[in-house]
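**Q** Single-letter residue listing:
Number of protein chains: 2
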Amino acid sequence: MHRSPIPFGLFKHLAKWLALACGVAVLAGSAAALFLFSLSWVSSTFSSHPWLLWLLPFAGFFVGWMYLRFGQSVEAGNNLLLDEIHDTKRVIPLRMVPLVLGGTLISHLFGASVGREGTAVQMGGALADQLTRVFQLSNDDRRILLMAGISAGFASVFGTPIGAAVFGLEVLATGRLRYEALLPCIIAAIVGDQVALMWGVHHDYFTITLFPSISAWSLGVMIVCGAIFGLTARAFAEVIHSISSFMKRRIHYSPLRPFIGGLIIALLVGLGFFEADRYLGLGIPVILEAFDAPLSITDSIGKFFFTVLSLGAGFKGGEVTPLFFIGATLGNALSPLFDMPFAFLAGIGFVAVFAGAANTPLASTLMAMELFGAEIGVFAATACIVSYLFSGHSGIYGSQRIGDGKH
Amino acid sequence: MHRSPIPFGLFKHLAKWLALACGVAVLAGSAAALFLFSLSWVSSTFSSHPWLLWLLPFAGFFVGWMYLRFGQSVEAGNNLLLDEIHDTKRVIPLRMVPLVLGGTLISHLFGASVGREGTAVQMGGALADQLTRVFQLSNDDRRILLMAGISAGFASVFGTPIGAAVFGLEVLATGRLRYEALLPCIIAAIVGDQVALMWGVHHDYFTITLFPSISAWSLGVMIVCGAIFGLTARAFAEVIHSISSFMKRRIHYSPLRPFIGGLIIALLVGLGFFEADRYLGLGIPVILEAFDAPLSITDSIGKFFFTVLSLGAGFKGGEVTPLFFIGATLGNALSPLFDMPFAFLAGIGFVAVFAGAANTPLASTLMAMELFGAEIGVFAATACIVSYLFSGHSGIYGSQRIGDGKH
Chain A
491 MHRSPIPFGL FKHLAKWLAL ACGVAVLAGS AAALFLFSLS WVSSTFSSHP
541 WLLWLLPFAG FFVGWMYLRF GQSVEAGNNL LLDEIHDTKR VIPLRMVPLV
591 LGGTLISHLF GASVGREGTA VQMGGALADQ LTRVFQLSND DRRILLMAGI
641 SAGFASVFGT PIGAAVFGLE VLATGRLRYE ALLPCIIAAI VGDQVALMWG
691 VHHDYFTITL FPSISAWSLG VMIVCGAIFG LTARAFAEVI HSISSFMKRR
741 IHYSPLRPFI GGLIIALLVG LGFFEADRYL GLGIPVILEA FDAPLSITDS
791 IGKFFFTVLS LGAGFKGGEV TPLFFIGATL GNALSPLFDM PFAFLAGIGF
841 VAVFAGAANT PLASTLMAME LFGAEIGVFA ATACIVSYLF SGHSGIYGSQ
891 RIGDGKH
Chain B
491 MHRSPIPFGL FKHLAKWLAL ACGVAVLAGS AAALFLFSLS WVSSTFSSHP
541 WLLWLLPFAG FFVGWMYLRF GQSVEAGNNL LLDEIHDTKR VIPLRMVPLV
591 LGGTLISHLF GASVGREGTA VQMGGALADQ LTRVFQLSND DRRILLMAGI
641 SAGFASVFGT PIGAAVFGLE VLATGRLRYE ALLPCIIAAI VGDQVALMWG
691 VHHDYFTITL FPSISAWSLG VMIVCGAIFG LTARAFAEVI HSISSFMKRR
741 IHYSPLRPFI GGLIIALLVG LGFFEADRYL GLGIPVILEA FDAPLSITDS
791 IGKFFFTVLS LGAGFKGGEV TPLFFIGATL GNALSPLFDM PFAFLAGIGF
841 VAVFAGAANT PLASTLMAME LFGAEIGVFA ATACIVSYLF SGHSGIYGSQ
891 RIGDGKH
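Read top to bottom, the protein sequences are chains A and B.
Each residue of the first sequence is one higher than the one before, counting from 491 in our numbering.
Each residue of the second sequence is one higher than the one before, counting from 491 in our numbering.
Honestly, I wouldn't trust all of these hints.
Which copy? The list can't say, so a pair holds if one copy fits it or any two copies do.
Cut-off 20 Å, straight-line C-alpha distance, at most; resulting in silico cross-link-like pairs (SDA-like, lysine to any residue) [what the hints assert, rightly or not]:
(1) K502 <-> H897
(2) K506 <-> V624
(3) K502 <-> V624
(4) K502 <-> L721
Quick caveat, the hints were computed from the structure, so don't treat them as lab data.
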């Protein structure tokens with residue numbers, strides 16, 4: 491607390507954190523830009539050479555072997571970041587950056603159904619943590635810096651800085667949000683996003699033109715759909731945990747796990763049971779479709795299935811974009827049932843499944859307002875909060891603490 | 491925690507809180523509508539009969555006497571609500587409702603410079619708490635219900651349900667936000683707002699057509715102006731506390747305090763030192779002007795002066811609308827200095843002074859996005875967070891706890 495009328499200590503605090511947050515943002519935003527450019531090349535290579543899918547098992551083996559040989563210290567990925575923020579032990583090894591970057595690009599090149607925010611967040615966190623070493627920061631400062639790195643990574647990938655800033659604060663523990671990192675997270679998120687934009691990154695725009703009016707019916711639909719989205723999020727997290735722990739129990743040599751996962755995916759798709767280009771990879775085209783035309787429920791089920799298999803087996807990239815896909819297509823498919831505009835319910839599903847899976851209802855609401863406009867706020871807030879209540883206490887991040895019970 | 495795949499306990503929890511939150515919302519929204527209609531009549535009566543100002547000292551005496559005679563148990567107002575949420579003792583007496591309603595209307599009828607959210611929040615909280623008695627709720631449930639009442643009252647007065655919901659969660663303690671009341675607060679806020687709208691309430695619209703682009707300059711301006719807004723908020727809270735405690739020390743018979751405060755205001759304005767219609771009452775016309783034309787810095791100084799005197803002396807109504815006025819006119823006046831569009835910086839000041847004074851940076855950011863559109867989010871978030879950091883640890887609500895230090 492400061493007593494003098496002119497808060498000199500606060501100016502120092504402000505200058506220090508502005509500088510550190512901008513440093514984090516430049517590192518994380520540039521890494522994210524490099525990643526997004528490579529990812530876009532990799533994704534289009536896979537779509538134009540679908541036979542690459544037959545190599546998915548070997549790609550999986552290689553990613554697994556790389557982590558076994560060089561990456562055991564960073565294999566926990568996002569959870570390692572959360573653990574270090576809760577309980578600081580040692581600086582995140584810089585090798586997290588090339589490993590998660592390479593692992594994700596290889597996963598996408600051969601058609602695994604994975605996301606991209608895990609990569610950006612891990613690069614952001616690991617790069618941020620290198621500043622700990624350079625500036626010899628205290629443990630408290632280091633925790634804040636890591637949170638800023640998460641926010642910057644998330645913001646540069648999705649282009650939603652306010653949601654990303656609150657994500658960095660909210661993801662640590664369920665049911666609680668602390669403000670100590672408020673300024674570093676918002677600055678890192680805004681500047682990280684701008685840095686990525688300056689490198690030439692551009693984001694996908696999802697347009698909702700028709701919103702329902704606020705009524706007992708539309709709010710009731712938000713509550714019912716919020717519960718459905720939350721239960722979907724819960725199933726997603728639990729099935730990934732189950733597949734992963736089942737494989738760990740049965741398959742001791744870790745590179746074999748993504749090999750087998752990749753083999754199953756390649757066989758199912760290659761033998762014609764599913765449309766490869768719909769459910770594999772990042773899935774942006776289908777997410778855009780969900781805002782554009784009515785879809786069948788099979789899209790969300792297909793994506794769910796291939797994603798839990800890919801991530802449970804150990805492919806890299808993250809959960810969030812697949813969650814957006816599952817939510818948007820599920821919302822779209824539910825819309826006739828509830829007499830709602832399909833693009834609108836796609837937008838609600840997009841954020842609400844994510845809100846439940848990551849236990850981040852406020853970040854998801856803000857993200858909805860950033861992506862779709864402030865008009866969606868009331869609906870998104872209701873659906874995200876109900877989804878959060880229904881998603882249970884174990885989300886996609888095993889190292890997230892339970893701050894307060896949900897109800 | 492629930493273990494069964496179908497969360498029955500959660501359905502019960504949901505049904506219970508939906509019902510309670512809707513009950514709170516109907517009560518608080520209807521009371522707010524009644525209040526806003528009366529307030530609008532009272533405000534226009536004062537503008538068309540400016541001589542009423544000469545009766546302000548007697549009006550002050552009467553309000554003070556009313557609280558001395560009937561209202562000692564509820565005189566703490568907003569702080570009583572916060573205290574009861576932190577540390578439940580006994581149900582808020584229902585008399586809080588007529589006293590704060592009457593006290594506020596009288597304050598406005600004779601030209602005190604006060605707000606209106608205190609009234610709505612106290613009516614919302616006190617009415618919500620009557621349900622505690624009816625349904626014999628536990629202490630934990632009662633705390634959540636009171637928070638929902640605050641959110642519903644705030645939402646119905648300002649028409650910004652998401653900001654209002656987060657306000658109810660965020661106002662309890664600085665530096666911390668807990669999620670236990672998330673669902674009841676959002677439902678009470680949305681439904682309370684809708685109930686008030688159904689009664690025919692309509693809100694003022696503030697339009698910002700020109701936003702700056704995100705750049706080092708515009709973000710730097712947000713940080714510098716955020717600091718100015720935060721220091722203004724800090725001065726506002728501290729001067730009110732000083733005037734109030736000075737008067738309490740010197741004037742033992744409490745009705746004399748607003749009498750003397752009213753006398754000073756009436757003399758200063760009546761003798762022609764200030765323009766009465768600009769700085770007295772709610773001040774909505776000048777807030778609208780701040781979005782419409784360049785203003786001089788004297789507007790924010792004049793409003794500051796008359797508000798701290800009115801509230802410090804004991805007039806009723808609240809701080810928030812005057813804070814919006816001070817922030818909007820100050821932002822407007824600062825805009826040429828920083829080469830910013832004046833309506834834009836008025837909008838930033840509007841929310842950021844409030845963010846600092848109430849220690850509610852997230853609620854204020856959400857409110858900005860609801861009022862001015864999602865485009866203002868990045869700027870509002872930065873300014874509100876910096877204002878929050880610079881406003882010190884004692885805001886306008888003395889009973890707000892310090893959850894975590896600010897830096």
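**Q** Decide, hint by hint, whether the structure agrees.
**A** Tested hints:
no.: 1; hint: K502 <-> H897; result: between (41 Å within a copy, 11 Å between copies)
no.: 2; hint: K506 <-> V624; result: within (14 Å within a copy, 53 Å between copies)
no.: 3; hint: K502 <-> V624; result: within (19 Å within a copy, 53 Å between copies)
no.: 4; hint: K502 <-> L721; result: between (46 Å within a copy, 16 Å between copies)
Comparing the model with each numbered hint stated earlier shows that all of them hold.
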